[in-house]
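Q: Chains as they are written, first to last, in numbering that gives the first Met the number 0: chain A, 0 to 138; chain B, 0 to 138; chain C, 0 to 138.
Read the hints as simulated data drawn from the structure, not as lab findings.
Predicted, not measured: the structure shown is a model, and the values here were computed from it.
Some hints could be false.
No copy is singled out in the list; a pair is fine if it fits within one copy or between any two copies.
[Said to hold, decoys possible] Straight-line C-alpha distance at most 25 Å; calculated SDA-like pairs for lysine to any residue:
#	residue 1	residue 2
1	K72	A55
2	K72	W115
3	K31	Q4
4	K72	G15
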Amino acid sequence: MALVQKHIQLPAFARGFHIITDLVTQAVPELKDAEVGLLHVFIQHTSASLTINENADPTVRQDFESFINRTVKENEPYYLHDYEGPDDMPAHLKASLLGSSVSIPVTNGRLALGTWQGIYLGEHRNSGGSRRLVVTLQT
Amino acid sequence: MALVQKHIQLPAFARGFHIITDLVTQAVPELKDAEVGLLHVFIQHTSASLTINENADPTVRQDFESFINRTVKENEPYYLHDYEGPDDMPAHLKASLLGSSVSIPVTNGRLALGTWQGIYLGEHRNSGGSRRLVVTLQT
Amino acid sequence: MALVQKHIQLPAFARGFHIITDLVTQAVPELKDAEVGLLHVFIQHTSASLTINENADPTVRQDFESFINRTVKENEPYYLHDYEGPDDMPAHLKASLLGSSVSIPVTNGRLALGTWQGIYLGEHRNSGGSRRLVVTLQT
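The shape of chain A in the complex, shown without the other chains (with noise of 0.2 Å):
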């Protein structure tokens, strides 16, 4: 077996859900080489999320984006973090919920998502700017 990591680094995206799953295995060129393994990616950040959803139509990532915002509100009364702004609070609330990796097996030199998965990236900040993501992939 064998380990290769890759610290990459996203372009900065606007305030939602966002596919990213070409971005993820193009850091990982090795993936085609690999018959069985696993790839995981990991987000260096707490007001940012990583998860597995619906890869094809665009609304699915913008329900996603209004049923977060719904579930886990800004302003809250209760919030003690608040100085960072209305977002703040809720970003970490949103990552944590949603999660800060995602792990995927690999097959035959390819993610072995199923047909309608890809990677979104849950970018819960107004202006999260660029974020950092480390890639590792087992084979």
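Following the hints, complete the assembly by docking chains B and C onto the known chain A.
A: Only chains B and C this time, still in chain A's reference frame:
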């Protein structure tokens, strides 16, 4: 170290939460020879989920279904992605809140689950049909 | 590649969120010799959780507890699983929303966490007692 991977197909389950620990471990008989390891279980769908929770009292699974249906409601007027039925967009959201994979340590030939832990399949569609899993054992 | 696994027992923590990064890394001194790797941390309980979030301002942890208590309420009339106390069924739900494990890349002998990231224990019972973790390092 070695890496064993199996693609399996579950029987169709009704909407709700179901314990699939035995169905998963039966797919990797190599597990019993592993002194230490990690088992990764991945579901290749965006409207069903995998999580770990109580394996004994079935009312826990019923309460999971009640809770998740109240937290992620059907027919929200703001959903844009509604043409696959009222259970579809909620199923996508539930899948990301609960997760698409579980990763469990292996010790002395067995999953190192706590006494009360089992692997749950969350079937979030009314008629999800048979679901595909990819089970990867690292030892 | 090598695989090191430790079973550890945490001290009892009060209900709420607690940073346990140092307790985890102390269990695997082999970490400092790993050029690249992955660290998997698993909690063997269904009423406590592991997640990654802000390691600095303690008000973030307080807001996590406030948010999760409002999102997963005690004494919901629809709960069927209620004989272990009002904090029990909510604890199971919180555990699955936040997760039973975290997986973190290792780079140059250290966890490749972002500057502000730490490992949270979510203790969701009023008196959860000492919790058991399984820490698995792959290098």
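Q: Next step is simple, just say for each hint if it's right about the structure.
A: To see whether the hints hold, each was checked on the structure:
Proximity of K72 and A55 under a CA criterion of 25 Å is satisfied inter-copy only: 22 Å between copies versus 27 Å inside one chain copy. Only between protomers do K72 and W115 lie at most 25 Å apart by alpha-carbon distance; the minimum there is 22 Å, versus 29 Å within a single protomer. Both within a single protomer and between protomers do K31 and Q4 lie at most 25 Å apart by alpha-carbon distance, with minima of 15 Å and 17 Å respectively. When the C-alpha separation of K72 and G15 is checked against a cutoff of 25 Å, the pair qualifies both within a copy, at 15 Å, and between copies, at 20 Å.
Violation of the numbered hints given earlier is absent; every hint is satisfied by the structure.
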